[in-house]
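Undergrad: Just so you know, the protein sequences line up as chains V and C, in that order.
In terms of my numbering, the first sequence is residues 1 to 750.
In terms of my numbering, the second sequence is residues 751 to 873.
Bear in mind the hints are in silico, worked out from the structure with no lab data behind them.
Ideal Cβ placement from N, Cα and C applies to all residues, glycine included.
Please note that the accuracy of each hint is not assured.
[To be verified] With beta-carbon atoms standing in for the labels, derived distance ranges:
| no. | chain 1 | residue 1 | chain 2 | residue 2 | range |
| --- | --- | --- | --- | --- | --- |
| 1 | V | Asp581 | C | Arg772 | 50 to 56 angstroms |
| 2 | V | Pro661 | C | Leu821 | 27 to 33 angstroms |
| 3 | V | Arg525 | C | Ser777 | 38 to 44 angstroms |
| 4 | V | Pro661 | C | Asp828 | 34 to 40 angstroms |
| 5 | V | Gly592 | C | Ser777 | 49 to 55 angstroms |
[Stated by the list, open to error] So these bits of chain V aren't anywhere near chain C, every CB distance computed over 12 angstroms:
| no. | residue |
| --- | --- |
| 6 | Phe387 |
| 7 | Lys412 |
| 8 | Ala424 |
| 9 | Ala534 |
| 10 | Arg539 |
| 11 | Leu557 |
| 12 | Ser600 |
| 13 | Gln658 |
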Amino acid sequence: MQMVGMADLHTSEHGQAREGGSAVFVVDASGVVRVAEGDGLAALGIQAGGVTGHFASSILGSRPRMLAALHRVLAGEPDRLDLAIDHQTFEVRFEPRTGGGALVLAQNVTASRRLRLEERAAERFLARALRATTGAVWTTDRELRLTFLQGRALDTTGVPRAEGMTVQELVSARDPNDPLILRHLEALGGTGQSFRYPYRGRCFEMAIDPVRVAGGAIRGCVGVALDVTARADAESCHGLPPEAREAAVAKETTRRLERSLSVARAAIDAAADGLLVVDPQGHIVAYNQRFLALWGIPRELAEERDDTTLVRLVHEQLEDPQAFLRGVRDLYTSHDVESFDVLRFKDGRVFERYSIPQKVGDHVVGRVWSFRDVTERERLLHRAEFFADATRLLGSLDVEKALDSVAHLVVKSLAEVCAVDLAADLGVRRLLVVSRPGAQVKTPSPEPQLAALSGHPTLFMMGDASCLSVPLSTSGPTIGALTLVAPPGRRYTSADLDLAMELGRRAALSLENARLYRASQEALRAREEFVSVAAHEIRGPVASMHLAVQGLRQGVLDGGFLPRALDVIEREDRRLTRFVDELLDITKVRAGRLAFTFESVDLAELVRTVASRFTAELSTSGSSLSLASRGPTVGQWDRFRLEQVVTNLLSNAIKFGQGRPIDVSVVGHDDLTTLTVRDRGIGISTAMLEPIFQPFERAVSSRHYGGLGLGLYIVQAIVQGLGGKVKAESPTSGGACFQVELPPKRSAGS
Amino acid sequence: MARRDRTILVVDDDEDIRETVRWVLESSGYVVKTAVDGNDAWSKLHSNGQVSLILLDLMMPGMDGGRFLTLLRNSRHDKVPVVVMSGHHATPETAQELGAEGWLVKPVELDDLLESVRKFAAG
C-alpha cells in the first residue's frame, strides 16, 4: 500500500509539470486590462492578446466571483480565490498596484492540490500502521518542526504530542550537539545517518534521511526509530575482556537470581497455607511461618532441617498416625506423583494435605507440601449436614421415634452416649438413652440435667468423660434436657455446646409442634363429636314431639292421648330450650360475657327447689336423693346461675348414678358455703378429674351417654364467676363427688 | 298373624321416645314392651317370651345399642329382627355394620315407623 502511494506521488508530480498553466492580468485604475499574459489564459477561457484595452468587466462577465474580487481590489482590498474550471483548480490572487489598478495572478494548482490530498491519505495510513510498531516514524520540515510523528515508542518514552514541536524540544537537554539534532541537521545537508540513540530509558536504532521534493531540493527530514533496548542490554557486556565479561555476567545473573528468590520467598511467606519443601532425602529445604504455626513446631527444630524429626513430632497429634506415615513413605518412593489427602487430628482439627514434586527440567529434586487448616470449614459443613439430617428426622409427628433417631445421629458423630429427659411433675422422666456399641460410659447423673431443665446449658466432667447437658426449650418453658457424653479422649468445647443447644431448640420445637398437632386433632375430634352429640340431643326431643303430633293428626292416636301428648311436647320444649341456653352460655363464657345478678339466695332452699324438678327422672332412674344442710346457707349469689349449677350436678348424678342413692349437702360457714353432690354410680377416672371441666370433655363415651359435654364447663365458669371454685373427686368407695365452694359475700373484685 | 300376637320391644334411654312410640304402636294393635338400655332389653327379652321386632336406640348409658345387638346376634334370639332407631348422623352405616334389618333416623316419620314395623314384625 505504501508503495502504491509513492507511485501516485510521482504521477502527480509529472502531471503538475505537464499541466502547468498560469496567467497574469494588469488592470488600471479605471478597470481596463493593460496586460494579459500566460499559458493559463486559455484554461480560463480568455484569448491572449484579444483582451488588452478592454474593460476587465466585459472579459470577466462569465466569472462573477473574479469580477467581484476585482472590484474589491480596485477599491484597495487584496483578495484570493480558488476557482474550479473544467475539473481544474486555479488559485487567483488579486493585489492592488501602487498608484492605482490591480495585478491579477492566476495559477493552475490542480496537480499540487491532488498531491497534498494523497499525501494526507498516505500519512493517515502510515499512522495506522505505525501504531502497531514498537518504534516511531516522523517527518520534519526544514526548521526541524515535526510535521508527522507516530509509533508506540511515543507511549513507552512518554513523548508529548504537541503540534508544531521541534526536534530540539524532544531533546530534554536542549544541547545543540545532541546527536539527534546533529543527525537531523546532517540530513538537511543531504546526508542520511543511522545510529543508536538512548532516549528516556530506552535504546533506539535510528535512521534519519533527507526528504526531497521534485527537482531534488530538500524540504525536510524523515526519521525511523526502532526500540532495541533488550538487545542493547544483552550486548552491553560486549567489548569487555573475557574475565571481566564473565564476572559481569555472573554478577548480573546473581542479581537476577536474588531478585527471583526474594519473590519466591515473599510468595511462600504470604501464602495462607503452610508450605514445606523437602529434598528427595527428606531434608528440609524451605518452609513458611504458617507451616510452623499450623503444626506447632518450634523454629529451632525446623532449622535442624531433618524431616524425620518433624514427622515424629507431628504424627502423634493425628487420629491415624500410621496412615500418615505410610503416606509420607509412599511418596518418598514414588517421586513423580501428586498427592492429596485429609489429616484428622485428635483435638478435632482437620488439615488438607497436598503435595507435588519439585522439578528442574524433568528431574525431580524435591517435594512441595502444602497444608491447609479446614477445621472451621469442616465444622460448618458437618454442622449443616448434621442439622439437615436432624431437622428431617424431627419432622416426624411421632416425636419419641424422631428423638430416638436424632439420639442415634448424635451418637454416630458426636457422643458416646446420648440421653433425652423430659420434665415431669415429679422431677425428670428419662425418655431414652442411646449408646455406641460397646460404650463403657455410665449414664450421666441427674444433677446436670436438672440444671439444663431449668434452662441452663452445662459443660461438666463425669470421671474422665467430658459431658454436656442442654435444655430442650424454645421460647417457652423448658420441656426437657439433652445430655451427651463425649467419646474417650474428646473434650467438649463451647462450639459443641452451641451445636447441642441448637439441636435442643429444634427438638423442643418438634415436641411442641407434635403437641400442638395432637391438641388440634383432639380439638377437631371433640368438635366433631360435639356436632354429632348436638344432633342427637336435638333429634331426641324433636322425635318425641313429631310422633305425638303425627299420631294425633293422622288419627293413629285418639283424642284421649291429647293431654299426654301436650305433656310430652311441653317437656321436650323445655329440653330444647335448655339445650339452646347451654349453647348460648358457652358462647358467653368463651367471650367472657357471662353476666351475674347478685341477690340474697338461700342455697339449701334453692337445692330443694331444683331437686323437686327431678322427681320424674329420679323415679325412672331408681336413685333416691337425700338432702342435708348445716350452718348459714344464705349468700349474695345469682339465683338463676346457681340453679344452673345445681341442675347440672343433679342431672349428672342421676344420669351416671346407676340408680343408686345420691346425697346432696349444703354446709355453711361464715366465709364459705360448700355444696356437695355425691353419687355412687360409674365414677370418674383419676385422669379425667381435671379435664372433665374442659369444654367438649366427658368422662364417658358419648355413645353411651348423651349430652354435649358442656355442663361442667359451664358449672365451673359460673362458680368462678361467683368467686368460688369447683372440684371433682372419685371416692374409693365408688361413684363421683362434686364439691362447690362459694364465698357467701361478694369480694371486692367480683 | 294378628298384630295382637306381635310384641315389639322398644329400647331407648329417652322416656318420651319410649312412650310416644308405645302409644302409636299400641294404638296400631301391637303389644309394646320397653327397655331403658341394652341390659334392660336383654332381661326383657328373656322374661317376655316371643318378641317379633326390636326397635333399638344406639346411644344409651349402660349397655349401648351396638353392644346389645352384637350379643343378640350371638344368642338364641339371633333371628329376632332389629330396626335401629337413632338420631346419630351415621345411623344407616352403623345399622348395616351391626347387621340390623333396618334403620330409622330420628325424628322418625310416623308412616315410616309403622311401615318398618309392619315389614319386619311380619313374622
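Undergrad: For each hint, tell me whether it holds in the structure or not.
TA: We went through each hint and held it up to the structure:
| no. | hint | result |
| --- | --- | --- |
| 1 | V/Asp581 / C/Arg772: 50 to 56 angstroms | violated (30 angstroms) |
| 2 | V/Pro661 / C/Leu821: 27 to 33 angstroms | holds (29 angstroms) |
| 3 | V/Arg525 / C/Ser777: 38 to 44 angstroms | holds (43 angstroms) |
| 4 | V/Pro661 / C/Asp828: 34 to 40 angstroms | holds (38 angstroms) |
| 5 | V/Gly592 / C/Ser777: 49 to 55 angstroms | holds (52 angstroms) |
| 6 | Phe387 | holds (46 angstroms) |
| 7 | Lys412 | holds (49 angstroms) |
| 8 | Ala424 | holds (36 angstroms) |
| 9 | Ala534 | violated (10 angstroms) |
| 10 | Arg539 | violated (3 angstroms) |
| 11 | Leu557 | violated (5 angstroms) |
| 12 | Ser600 | holds (37 angstroms) |
| 13 | Gln658 | violated (8 angstroms) |
Violated hints for the displayed structure, listed by number in ascending order: 1, 9, 10, 11, 13.
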